[in-house]
Amino acid sequence: MNSFIAFIMGPMVWISAIIFVGGLLFKFIGIVQSVRQKEPYIFSYMTLKHSLRSIGAWLVPFFPKSTRLRPVYYGISYIFHILLFVVPLFLASHIVLINEAFQISWPALNNSLADWLTLVVIAALLFFVVRRQMVPEVAYLTRPSDYLMIAIVALPFVTGFLAYHQWFAYRWMAVAHVLSGELMLIIIPFSRLSHMLTAPLTRAYMGSEFGHVRHARDW
Amino acid sequence: MKPWTKKYIHRKNKMKKWTICATALVLMSATGWMVVFAQEDPYVERLDTWAFESPRRPGAVFSHDDHIMDLDDDCSICHHVYEDGELVPGESSEDYYCSDCHGTEPAPDNQMPLEAAYHNLCRDCHFDRGKGPVLCGECHIKE
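Protein chains in written order, with this note's numbering: chain U, 83 to 301; chain G, 17 to 159.
Derived from the structure by calculation, the hints contain no laboratory data. Careful: at least some of the hints might be erroneous.
Reference listing, derived: stretches of chain U covered by chain G, where coverage requires no fewer than 3 residues with Cβ under 8 Å from a Cβ of chain G [said to hold, decoys possible]:
1. 84-94
2. 245-251
3. 269-275
The C-beta atom is built at its ideal place from N, Cα and C for all residues, glycine as well.
Next up, chain U with everything else stripped away, as it sits in the complex (with noise of 0.2 Å):
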């Protein structure tokens, strides 16, 4: 079993954040690859000002006019999506294993505020599937698979914090962590998880057909 762990916590999450940024740069250089091929007079108008204005502009919360539309689903998309990273990256715990790989570390949070904030990643996720349940064009638009991607990203928060208080099967619940975390960055490449790199695409797009042809705004 040692040796089990030791493989997935090694060799194993080399393999899988391999997988993650080599998935990601391949899928980048075949959407910019598809573009020349179908539509290269994209690029005669995209500029590097229009693009980052509108990814700067979608970042401020309740900027854009439709986020304003729908306060309650965006805000708590915006929690989600900061807390994604956040929790997981200044967890005292993960600092710990990177500085002991890499001798490098920085401030962790606080263990129960990251203990809390675990929670709320768990209610908004929750509250990504009563959506998709009671909001009628939502569900319309709904296939298993949006479960099964809302699944993925749940099981390392949810497998983290019941290991994180040990209440029970510890050992299988920590595997379980390790394996779930590794398989959710395996499947961001191959799944719509990968808006992580098209949302900015599409926002450099439309940004610049906007700003630079249309002379409007795209917020």
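Since chain U is already given, all that's left is putting chain G on it; use the hints.
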């Protein structure tokens, strides 16, 4: 009724049933596990945390006697002596505290801070020997 509406309602009902079943299953197994495993711990021997200013976790569970037996009375495996970054073979340091050499904060003359020293020594040995706890909560068991 339009055909796409019909299909949508049918699919939604099916999904609802599936969701309810899955949720019920997860909740039931969770309660089951908690009843079985949430029992009071007997007394456990732990490492002292006095050298740390504000320890984030309870001291690691540790039985000195078990380790003496498993390591054939070779104290120097844990109570080692390093000089200029090199292990001095045969020398041992039972008369010192770990924190006498390993300060809590990393510094140029303290390459192996106390926390990392414990983690590396215990965990790496448990990995190498294929026995003993290796995950955070297996040593830092909640009090």
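Index of numbered hints that the structure contradicts, given in increasing order: 3
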